[in-house]
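There are 2 protein chains.
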Amino acid sequence: MNRDDKQFLQGVGDRVRERRLALKLTQAELGKRAGLHRTFVGSVERGERNVALLSLRKLARVLRVPPAELLTEPDPGA
Amino acid sequence: MNRDDKQFLQGVGDRVRERRLALKLTQAELGKRAGLHRTFVGSVERGERNVALLSLRKLARVLRVPPAELLTEPDPGA
Chain A
1 MNRDDKQFLQ GVGDRVRERR LALKLTQAEL GKRAGLHRTF VGSVERGERN VALLSLRKLA
61 RVLRVPPAEL LTEPDPGA
Chain B
1 MNRDDKQFLQ GVGDRVRERR LALKLTQAEL GKRAGLHRTF VGSVERGERN VALLSLRKLA
61 RVLRVPPAEL LTEPDPGA
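From first to last, the protein sequence lines stand for chains A and B. With the UniProt record's numbering, you'll find the first sequence wraps up at 78, consecutive numbering, no jumps. With the UniProt record's numbering, you'll find the second sequence wraps up at 78, consecutive numbering, no jumps.
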């Protein structure tokens, strides 16, 4: 994983964390509701996890945002 | 994979295909430029692949769209 990829995944992790805290959920609660392990949520938030779309979708559903909103890549044309 | 998940992945596949055709690329050309196998692109477009974010990002970069744009989940609040 290169630095650019790591930065991208960290951006996703930051958005997950931001939404989770806004909903006052712990990592364990988010994991439980999404059907994912607590440590999985932690690794996503630390940008260590190359998340698959269906897991991203499960998180997004609990966080009540469209999955696209958790992806922070700026517009390549911007 | 339930029907809803399959529909979500098919939506992503449709967007990849739409952009690929708009850029007049074959699946082989998209795969080569993205550093992914041609058959991988085909399985994504058929909605058979639970794509990981970094692969989605590679496709998005070649297709010149932000990765978020390839995710078609409608806004849960809409």
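Just so you know, these hints were derived from the structure itself, not from any lab. Check the hints yourself; a few may be wrong.
With the Cβ distance kept under 10 Å, some of the chain B side facing chain A (calculated, not the full set) [as the list claims (entries may be wrong)]: (1) Arg-19; (2) Leu-21; (3) Leu-23.
Straight-line alpha carbon distances no greater than 30 Å define the calculated DSSO-like cross-link-like pairs of lysine-lysine that follow [as the list claims (entries may be wrong)]: (4) A/Lys-32 to A/Lys-6; (5) B/Lys-32 to A/Lys-24; (6) A/Lys-24 to B/Lys-24; (7) A/Lys-6 to A/Lys-24; (8) A/Lys-32 to B/Lys-32; (9) B/Lys-24 to B/Lys-6; (10) B/Lys-6 to B/Lys-32.
Predicted model only: the values in this text are computed from it and were never measured. Glycine residues also receive a C-beta, built at the ideal position from the N, C-alpha and C atoms.
Results for each hint:
With 10 Å as the threshold, the beta carbon of B/Arg-19 stays out of range of chain A, its nearest partner Cβ sitting at about 12 Å, so the hint is violated. Annotation: B/Leu-21 was flagged as interfacial toward chain A, and the flag is violated, the nearest CB pair being 19 Å apart, outside 10 Å. Against a cut-off of 10 Å between C-beta atoms, the interface hint on B/Leu-23 is violated, since the closest Cβ of chain A lies about 13 Å away. Note on A/Lys-32 and A/Lys-6: the hinted pairing holds, with a Cα-Cα distance of about 26 Å set against a maximum of 30 Å.
Using a Cα cut-off of 30 Å, the hinted pair B/Lys-32 and A/Lys-24 is violated, with the two alpha carbons roughly 44 Å apart. About 46 Å separates the Cα atoms of A/Lys-24 and B/Lys-24, which puts this hinted pair outside 30 Å; it is violated. Restraint check for A/Lys-6 and A/Lys-24: satisfied, since their Cα atoms lie roughly 26 Å apart, inside the 30 Å limit. Of the supplied pair hints, the one linking A/Lys-32 and B/Lys-32 is violated, its CA atoms being roughly 39 Å apart against a limit of 30 Å.
Of the pairs offered as hints, the one joining B/Lys-24 and B/Lys-6 holds, with about 26 Å between alpha carbons and a cut-off of 30 Å not exceeded. For the given pair, B/Lys-6 sits about 26 Å from B/Lys-32 by alpha-carbon distance, which is consistent with the 30 Å threshold.
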